[in-house]
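Okay, here's what each chain looks like letter by letter:
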Amino acid sequence: MTPYRSTVDLTTDLAGLTLASPVLTAAGCGGTGRELEGYLALGTVGAFTTRTITLDSVPGAPVPRLVETPSGMLVETRGQNPGLQGFLASELPWLAQRRVRTVVSIAGSTPGEYAELARRVANSPGVAALEVNLVSANRDAYERRFCDDGYQVAKVLGAVRAEVPRGVPVLAKLAPGHGLVELARAAARNGADGVVLVHGFPGVSFDPDTWRPSLGGVTGTVGGPAVLAQALRCVWDVHREMPDLPLVGVGGVRTGFDVVQMLLAGATAVQVGTSLLSDPGAVRRITDELSDELAGHHIARPADLVGAGHPDPERDTR
Amino acid sequence: MTGATGAMSTPGQVLGVKRVAAFHVLSLLAPGIAERFRPGTFVALSVGGPMSERLARRTFPIHRTRPTGAHGGTVEVVLQVPDSGADPGTLWLATAPAGTRLDVLGPLGRPFALPKEPVTCVLVGEEAGSAPLFTLAERLRERDCPVHMLIGGRSGQHLFGALEARRATRGVTVTTEDGSVGIAGTVADALPDLLVRTAAEVVYAAGRHSTLHAVAAIAEQHGAWSQALLDVAMPCGTGLCQACVVPVVGEDGVTRMVRACFEGPVFRGDRVRWDDLGAVPEDAR
Chain P
1 MTPYRSTVDL TTDLAGLTLA SPVLTAAGCG GTGRELEGYL ALGTVGAFTT
51 RTITLDSVPG APVPRLVETP SGMLVETRGQ NPGLQGFLAS ELPWLAQRRV
101 RTVVSIAGST PGEYAELARR VANSPGVAAL EVNLVSANRD AYERRFCDDG
151 YQVAKVLGAV RAEVPRGVPV LAKLAPGHGL VELARAAARN GADGVVLVHG
201 FPGVSFDPDT WRPSLGGVTG TVGGPAVLAQ ALRCVWDVHR EMPDLPLVGV
251 GGVRTGFDVV QMLLAGATAV QVGTSLLSDP GAVRRITDEL SDELAGHHIA
301 RPADLVGAGH PDPERDTR
Chain Y
1001 MTGATGAMST PGQVLGVKRV AAFHVLSLLA PGIAERFRPG TFVALSVGGP
1051 MSERLARRTF PIHRTRPTGA HGGTVEVVLQ VPDSGADPGT LWLATAPAGT
1101 RLDVLGPLGR PFALPKEPVT CVLVGEEAGS APLFTLAERL RERDCPVHML
1151 IGGRSGQHLF GALEARRATR GVTVTTEDGS VGIAGTVADA LPDLLVRTAA
1201 EVVYAAGRHS TLHAVAAIAE QHGAWSQALL DVAMPCGTGL CQACVVPVVG
1251 EDGVTRMVRA CFEGPVFRGD RVRWDDLGAV PEDAR
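Heads up: the sequence lines are chains P and Y, in that order. Under my numbering, read the first sequence as residues 1 to 318, first letter to last. Under my numbering, read the second sequence as residues 1001 to 1285, first letter to last.
Be a bit skeptical, because a hint or two may be false.
Stated by the list, open to error - Label pairs and their computed distance ranges (CB to CB):
| # | chain 1 | residue 1 | chain 2 | residue 2 | range |
| --- | --- | --- | --- | --- | --- |
| 1 | P | Gly296 | Y | Ala1021 | 49 to 55 Å |
| 2 | Y | Gly1006 | P | Asp288 | 19 to 25 Å |
| 3 | Y | Val1254 | P | Pro93 | 17 to 23 Å |
| 4 | P | Gln85 | Y | Lys1018 | 35 to 41 Å |
| 5 | P | Arg99 | Y | Ser1210 | 43 to 49 Å |
| 6 | P | Thr219 | Y | Pro1281 | 20 to 26 Å |
| 7 | P | His178 | Y | Pro1082 | 41 to 47 Å |
| 8 | P | His178 | Y | Leu1091 | 39 to 45 Å |
| 9 | Y | Ala1279 | P | Arg144 | 26 to 32 Å |
Rather than coming from a laboratory, the hints here were simulated on the basis of the structure. Here a beta-carbon is modelled for each residue, glycine too, at the ideal position from N, C-alpha and C.
Looking at chain Y on its own, in the form it has when it is part of the complex (with noise of 0.2 Å):
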């Protein structure tokens, strides 16, 4: 299997960090993603510069890119930084000033997989998890398939683009975990719902492994087809180091260890072993 996204190496430099509620977007100018960039694909970027002791890179779905700015292509992700116990390597991106120069690879993984026929989708977005699914909405409308957007976090604090979710789609659903903005709950709480009122054959979803299993399995019940963008640690993003592996299900039925960087992050989301995740499942080949 290839990742077929025409990944490259690109000397890339930070253009700003603004900070948007709990969220960091890191704008970067890195010359050719954007003209490769498929929604659900991401960046790994190098971190603490030419001297750096850190050697593992760091990886984020890509939230948006530009094919020409006035330096040329630039790509923004979305850094979720916690109050303690950050990386130290994310906490250098969030932090790093205009100008600091970094390796960016990229566009490097399976994008989701798109309908070919005007299906309604539903779009879940959990905090940062909320970032790639803009511009799949894009690509999605320009299929004319209807989208609804389901954006969820713990507070208004950790909602992503709730705002330009409004502005995106025709649909949009606010879940909070403290009640404070939109219904209260999870994103999965809101789901069955969701997909009744909207008959959605497809869901889409990003966000913390508990939350794509649930996804998953509510979809599943509701007859619909998902697809799950996994947040799972990549060292390398490039498929060398074989850390990122999940457990997943093949056409063949057999489970494998299957790097989450090269044959994901998008994974359909009943072939991934959900309850096995982070172990080697006794039957995995």
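Next up, chain P with everything else stripped away, as it sits in the complex (with noise of 0.2 Å):
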């Protein structure tokens, strides 16, 4: 099929950023960027997303911090980040010198917080995008997470699309769970340009000789192959109910097919996450893979499928 390859453009617009290909990297997946450098050129991926920036720095989890399970990892890092003032010194520039399409994923304890962030975050040169990262407790509401209630959802999308400038789209991370079609609904409504699904899946394991939980920080989430199915059934789920809005879909992409199926189910570009840990350079593999599988099927480009796996209501009558 590699002749095809070439007829194939994966020029993907996602909330009207212009990407080389449908296939970012996942937050907290790709390190600061330069730890893939020998694996693939950085300039060739859709985005790179960097791991969750937070105000101060964050030490993180104690270890172990990361055990197999089945066709997954089970994860907990607790946020480990150098803080926004280490990030705009020492990893952005790096990334914006190598004109790498960037997108700075952001968290906070309160929605003042994640407008901090966003200010200082899109306003700095070299910042493609901004990934929300809702997925951290609200210091303001018992510790509950901010994307467990709509109404925060809102209040924190509304305080950062007021500091971001136009042309810099607004993505927010939602975890799996209940409501999630409202969650979206309610970061869509409040300044969201898309919606990226989904963040790891809870879990817990035991260690085999101590029967005690394995993970340093007891319980964590899954990601990896495990959890494709059920990533897929959340974009599903929201681009039936919101067709027109962007989403990108994360959770156990391993393959070229495993972006087809993203895309079928209404995902209009993926991040990949767990599979960079166990191949570096899974992107350039799984990027070359899409082409091959969209050539064999004589798609011309990504967006043509995009939520084409749903059925047609007035074609199909199931």
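Dock the two chains into a complex; use the hints.
Structure (structure tokens):
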């Protein structure tokens, strides 16, 4: 199928942002970008998503932070990051110099913190888009996560959107769970240009020797192929209700066909996370496989597939 | 900080697994790694084959490399498989038939730093920890550094490379905890005498964390620099997952949780907060 590859144009419009391909790295799985250098040209990825940046540096969870689960990984790092200052001083400039399309993931513990992060990040050179990680404890609401409450989602997105220039898309990242469609709607109505679906699935596992929880942080989230079908369903459900809302599918993407599935379910682009941990060159391979898949089915552009997997009500009477 | 080793991903193949006492020496065909190798760096291997449900890498310090063999460059690593409760991924590697294909990332991590002057060095290896020290000894001798090796283990069966060490260096000290071979005790028990006797200025060590802690403290008491190769679970090996963090004090006196796979696995012994390994100290940033 290789000869057809050149006929496929992977250029993707994500909420007004032009990307070379619909395959991005996922937050927290691509390091600072430097770690990937030996394995792929960062300029060729759709976009590089940073780990989640907070105002102050976070030293993170005790070890073990990651254990294998069947076809997945259970992880809890508690968001280790160098803080906004450290990020702006030593991580973002490196990406900007290389002209890497960069999506910066941010999280706060109050809407005000989100707003401050958004203002300072979005006005820094080299930022293509913001990803608002809503899987963060709300200091003013008994540590309940922002992503579990539509009112709080709306409040954060409103605060962020007010600080971000028009040309910089704001993406809201949500966790799987009850009421996902309504939470996505709350984000979209309050300034999110797109929604990233979904954060890792909650999990726990036990150590075979000690019979105690394997993670130092006790509970964590599962990523990897084990969660692909569930992540697809999240994309599917939100796209069915809001077919015009740009979605970024994330969860268990490992092959070009997995990207095809995400597009069919309604995603405009995808992020690759856990697969990078076992194969740091995964984005390049997956992108090549996607080209082959599309060429093999005579699809000229990924955009032609977005949502195409949903039954057509006028044609399909099931 | 960068690993700066020019790591790469290469399709590898098992050439053979050799039993040596309590250890398995795994030889891999892995073109391109040998040329970039420096002592202290490691490889991250995929396990279970292409249909594997086990997604984390297994990492091992490089024992030896050969740039050219019958089929291309090769890499040797040393596995220690416990009699019970062995990691299924490591067991898979130890029992992999010749010809088994696997993905090899490497050489990864920061190597041992070599002294600029021809100073006397002591290399301390505990059980499989000895594996990366032989190529280090060669590089040190190329720099005219007198090299002494201190090799230890639970028993004679748990000594790796004691014979090879005798061939490689002018002085070899062997310890076993059961007293079956050499001095009875641990490498840490034998180290103070050796440091006094040799007036070594640099100590290189690999082994259990408790041993490395003791070695770092003894080196400091004797006014020697120490470098420790940490054995920490590294699920990705490339710095991406942030799971192999250890508390390390930086030049600025601030403790940070740094990745053993990327900023290590070799650290200055006096920089690691040994008592806090496995935890996140209150003052870490």
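Structure-based check of all given hints:
Separated by about 53 Å at the C-beta atoms, P:Gly296 and Y:Ala1021 satisfy the suggested range of 49 to 55 Å. Between Y:Gly1006 and P:Asp288 the beta carbon distance is about 23 Å. The supplied range of 19 to 25 Å therefore holds. Between Y:Val1254 and P:Pro93, the C-beta spacing of about 21 Å keeps the proposed range 17 to 23 Å intact. Our hint of 35 to 41 Å for P:Gln85 and Y:Lys1018 is violated, since their Cβ atoms are close to 52 Å apart.
At roughly 48 Å, the beta carbons of P:Arg99 and Y:Ser1210 sit within the given window of 43 to 49 Å. In this structure the hint that P:Thr219 and Y:Pro1281 lie 20 to 26 Å apart at CB holds, the actual value being about 22 Å. P:His178 and Y:Pro1082 have their C-beta atoms about 44 Å apart, which keeps the hinted 41 to 47 Å range intact. Here the CB-CB span from P:His178 to Y:Leu1091 is close to 41 Å, well matched to the stated 39 to 45 Å.
With their beta carbons about 28 Å apart, Y:Ala1279 and P:Arg144 fall inside the hinted range of 26 to 32 Å.
When the structure is compared with the earlier hints, a violation turns up for hint 4 alone.
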